[in-house]
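Undergrad: All chains, please: the whole structure from these sequences, using the hints.
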Amino acid sequence: MTAQTGRAPTAGRGLAGVRTLDDVRLPRSARVLARFDWNTPLAGGLVADASRVEATLPTLIRLRDLEAEVTVATHLGYPGGRPDGRLKVQTLLGPLVHPVFPGVRIAENVRFFPGEEANDPAFAASLAEGHDIFLNDAFSCAHRPHASVVGLPALLPSLAGPLFVREVRALEPWLSPSSAPTGLLLGGAKLGDKFRLLSILADRTDVVTVGGLAALPFLVAVGRVEDDDRVDPRFIKAAATLLGRDGAIHLPTDVRVRAADGDVAVRTGRLRPGDRYLDVGPDTCERFAKMLSRCARILWNGPLGHYEQPPFHIGTAGLAAALDSHLGKVTVGGGDTCAALRRTGLLSRTAHASTGGGAMLSLLADGDLVGLAALRRSSHHWPK
Numbered sequence: 023m024t025a026q027t028g029r030a031p032t033a034g035r036g037l038a039g040v041r042t043l044d045d046v047r048l049p050r051s052a053r054v055l056a057r058f059d060w061n062t063p064l065a066g067g068l069v070a071d072a073s074r075v076e077a078t079l080p081t082l083i084r085l086r087d088l089e090a091e092v093t094v095a096t097h098l099g100y101p102g103g104r105p106d107g108r109l110k111v112q113t114l115l116g117p118l119v120h121p122v123f124p125g126v127r128i129a130e131n132v133r134f135f136p137g138e139e140a141n142d143p144a145f146a147a148s149l150a151e152g153h154d155i156f157l158n159d160a161f162s163c164a165h166r167p168h169a170s171v172v173g174l175p176a177l178l179p180s181l182a183g184p185l186f187v188r189e190v191r192a193l194e195p196w197l198s199p200s201s202a203p204t205g206l207l208l209g210g211a212k213l214g215d216k217f218r219l220l221s222i223l224a225d226r227t228d229v230v231t232v233g234g235l236a237a238l239p240f241l242v243a244v245g246r247v248e249d250d251d252r253v254d255p256r257f258i259k260a261a262a263t264l265l266g267r268d269g270a271i272h273l274p275t276d277v278r279v280r281a282a283d284g285d286v287a288v289r290t291g292r293l294r295p296g297d298r299y300l301d302v303g304p305d306t307c308e309r310f311a312k313m314l315s316r317c318a319r320i321l322w323n324g325p326l327g328h329y330e331q332p333p334f335h336i337g338t339a340g341l342a343a344a345l346d347s348h349l350g351k352v353t354v355g356g357g358d359t360c361a362a363l364r365r366t367g368l369l370s371r372t373a374h375a376s377t378g379g380g381a382m383l384s385l386l387a388d389g390d391l392v393g394l395a396a397l398r399r400s401s402h403h404w405p406k
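Numbered per my numbering, the sequence shown spans residues 23 to 406.
FYI, nobody ran anything at the bench for these hints, they're computed from the structure.
Any given hint could be a false lead.
[As the list claims (entries may be wrong)] With a straight-line Cα cutoff of 20 Å, these simulated EDC-like cross-link-like pairs (lysine to aspartate or glutamate) come out:
id: 1; residue 1: 110; residue 2: 89
id: 2; residue 1: 351; residue 2: 308
id: 3; residue 1: 212; residue 2: 330
id: 4; residue 1: 212; residue 2: 249
id: 5; residue 1: 110; residue 2: 76
id: 6; residue 1: 110; residue 2: 130
id: 7; residue 1: 259; residue 2: 248
id: 8; residue 1: 312; residue 2: 276
id: 9; residue 1: 212; residue 2: 254
id: 10; residue 1: 110; residue 2: 71
TA: Here you go:
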């Protein structure tokens with residue numbers, strides 16, 4: 023069964039060269055294999071947060087309206103290439119989907135199979151069997167060279183789904199320099215990802231502010247914090263190098279710590295022996311907000327403190343509140359950042375919220391994703 027294609031996009035970065043549901047006319051009863059990210063948090067053997075499933079419902083509705091026969095492929099957890107009864111997709115997620123979409127098939131957890139993460143062509147072929155079209159609506163997985171991300175487009179005519187398209191379009195303005203002032207707010211704990219992004223964006227961003235654990239190597243490098251066991255010395259060296267480049271990187275001027283006696287305190291200047299930096303302070307929130315509010319657009323990746331543990335949520339919440347009317351210029355990236363802002367009730371006021379933190383960082387740092395490149399290469403499967 024062959025879909026009829028409309029415009030053929032030209033190759034390039036971002037979505038250029040990638041077909042979407044708007045570019046093709048699916049034949050009736052087209053057999054579509056849809057890759058979603060239903061990697062939902064679990065508690066007590068049950069789904070604790072179904073928001074990732076709910077986010078894909080508009081895509082399922084659209085495919086149903088097109089009279090497509092849909093199979094969903096997703097991963098859940100990290101079973102290490104082996105079946106795990108606690109992570110069975112049909113058992114955990116089927117009851118959420120089948121009452122509304124009884125005709126949708128749900129394939130077993132793709133990470134039960136070693137061929138998924140190994141990008142085994144034979145495993146990709148087993149997924150593709152019996153399907154006419156592949157639709158990738160899992161932007162958050164598009165940086166992973168796995169069979170269900172890059173292997174399937176090599177076998178089937180492939181499309182980017184609506185969620186995928188929305189994510190990339192929200193980030194495309196960040197792929198090239200802007201004439202309007204831009205701001206970067208970096209926090210969180212995944213230092214490798216943060217330094218990779220900083221090394222790329224710092225030179226083309228007007229205001230760079232760093233908090234959270236991401237600020238710790240910089241605070242050590244400038245002598246405000248003694249060596250901390252949470253920081254690899256390589257990141258301290260990298261921080262010193264970045265601080266020596268042209269363009270200011272703004273660091274916290276006051277921080278919230280758990281002191282050696284267990285009390286919570288706000289410190290300025292050099293931290294005392296035994297202090298453990300866990301959040302930014304109120305003056306930092308006010309200063310960061312004042313600088314960022316002058317920007318035409320702002321990228322926020324990473325919480326500013328240990329937001330799951332009060333009172334170290336105050337920095338993230340305080341900065342969000344201080345930005346106030348400027349939140350409409352903010353693109354939020356990363357699951358922890360979204361979760362922290364959701365707790366404040368302000369996430370819905372931002373311009374865009376992406377839970378695909380790793381994919382977002384890879385796209386911004388590299389200008390492309392292996393999943394996007396695979397969708398472009400799939401163009402030869404479509405009729406001319």
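Undergrad: Find the hints from earlier in the document that the structure breaks and name them by number, from lowest to highest.
TA: 1
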